[in-house]
Amino acid sequence: QVFCLNRTMSAKPFSLRHLAYCIIALQLLCISFFVYYINTMHLDDMHDRSISISVKSPPQLPQEPQTHPPSSSSSSSSSSSPQTYPYATLSNFRAHFNDDPNVVEFGSINEVTLSGVVLKISSIDDNALTRYQAVCDAMPECIGFSTHPSVGVLFHNHTAFPLQYMRNWQFHVKNAAAHRRYEMHEWYDRRLSYRMPLTSSALIPSMAALNLLYAVPLIPRKFMSFEWNVGRVNNQLFSVEAMLQYAVLYARTLIIPFASHRNHDLGMFLNDSLSLWDMLYLSAFCDFLFEYELVSQSLPSALHDYVVDNNNDIDYAQKRFDISLSAQDLQWKKYFESVRAADDDSNTIENEPNWNLLELLEF
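Residue numbers (my numbering): 4 to 366.
For the record, the hints were derived by calculation from the structure and aren't laboratory data.
Cβ coordinates follow ideal geometry from the N, Cα and C atoms, glycine included.
Among the clues, some could well be false.
Cβ-Cβ distance ranges computed for the label pairs, FRET-style [what the hints assert, rightly or not]:
{"#": "1", "residue 1": "Ile207", "residue 2": "Asp128", "range": "26 to 34 angstroms"}
{"#": "2", "residue 1": "Arg184", "residue 2": "Ser278", "range": "39 to 47 angstroms"}
{"#": "3", "residue 1": "Ser341", "residue 2": "Gln248", "range": "36 to 44 angstroms"}
{"#": "4", "residue 1": "Leu277", "residue 2": "Asn238", "range": "20 to 28 angstroms"}
{"#": "5", "residue 1": "Asp128", "residue 2": "Leu240", "range": "34 to 42 angstroms"}
{"#": "6", "residue 1": "Thr87", "residue 2": "Glu244", "range": "40 to 48 angstroms"}
{"#": "7", "residue 1": "Asn237", "residue 2": "Ser278", "range": "17 to 25 angstroms"}
{"#": "8", "residue 1": "Gln30", "residue 2": "Gly155", "range": "45 to 53 angstroms"}
{"#": "9", "residue 1": "Leu31", "residue 2": "Asn105", "range": "23 to 31 angstroms"}
Make the full structure from the sequences, and use the hints.
What follows is the structure, given as structure tokens:
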């Protein structure tokens, strides 16, 4: 830069050779800045990794056990091996979210966002459950481990209690009598400053049949729902996202209502080949239930009636076909009115107007 400046301020003409020198000098300066930036990023990455390293290294997955009997020389080492415990699987249960008010980001399931996580394995091997049990047996503070296809394997201590109902999760609880000290009938949610009464695994018939040596504390399953608005995709997504936050913070199951208008259909299905959204990934964070699934759920009749009747307050006369009908819309309107007038009950479409994608494809 000094060279270029001196040449510019001098009275001599600025030749192409001097211009080439200036360009080379600028390129070298840019390279030096780039190298300095790379070194800085490398140091920051090393610093972040050093922070994430736990003080106590988690135990490694043990090798497959030997089938031959141990020799007399190994009797002393076998006496120091950890005690093995039986395990019971609690389907659709997971540790509750961290109730620390300082934790405000739930972008991933890890030892910060989920309570009681002492070790995480990112992938699941369905044939390695016995090895996962051995890992949990090797940790005296481990009360069990949970699995989810999108998350992996999580090993927990007793702060994971109480467990929360969550679809697509499996909680493999260590069946140890010493864990009776973790039984509780009430749980204080620090985030909400609320004392929540709990239920017990002994009160649930399917869990009582597991012959657990202690009563696993559970958060009672409660529900919340919402009504779609007359907006389009972005407005509907705002409604869903807001309700997901409520459902997560209040440990509720979100009931996704049936689409009562073409704008309500966001392409959410349990079938991965049909759904536009990764509902399996969503189930790692929030428990949800489609309205049509209520038929297969053992839910109180009052809740079923509330959700089903929730769509009856829609003013179809005003909101039915008042949104700039195109020629194609008029064709669908004519079709739906003809189906409504049909005497065949098998063709009756409930919650009209029904713009459900599956039924449109069937038509």
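Verification of the supplied hints:
Between Ile207 and Asp128, the C-beta spacing of about 29 angstroms keeps the proposed range 26 to 34 angstroms intact. Take Arg184 and Ser278: their Cβ atoms lie about 43 angstroms apart, and the range 39 to 47 angstroms holds. A hinted range of 36 to 44 angstroms holds for the C-beta pair Ser341 and Gln248, which are about 42 angstroms apart. Separation of Leu277 from Asn238 is about 23 angstroms and conforms to the stated range, judged on CB atoms against 20 to 28 angstroms.
Separation of Asp128 from Leu240 is about 36 angstroms and conforms to the stated range, judged on CB atoms against 34 to 42 angstroms. Remark: the range hint 40 to 48 angstroms for Thr87 to Glu244 is upheld by a beta-carbon distance near 45 angstroms. For Asn237 paired with Ser278, a C-beta distance near 19 angstroms keeps the hint of 17 to 25 angstroms intact. A beta carbon spacing of about 47 angstroms between Gln30 and Gly155 agrees with the range 45 to 53 angstroms that was offered as a hint.
The beta-carbon spacing between Leu31 and Asn105, approximately 47 angstroms, falls outside the hinted interval of 23 to 31 angstroms.
The structure fails hint 9 only (numbered hints given earlier).
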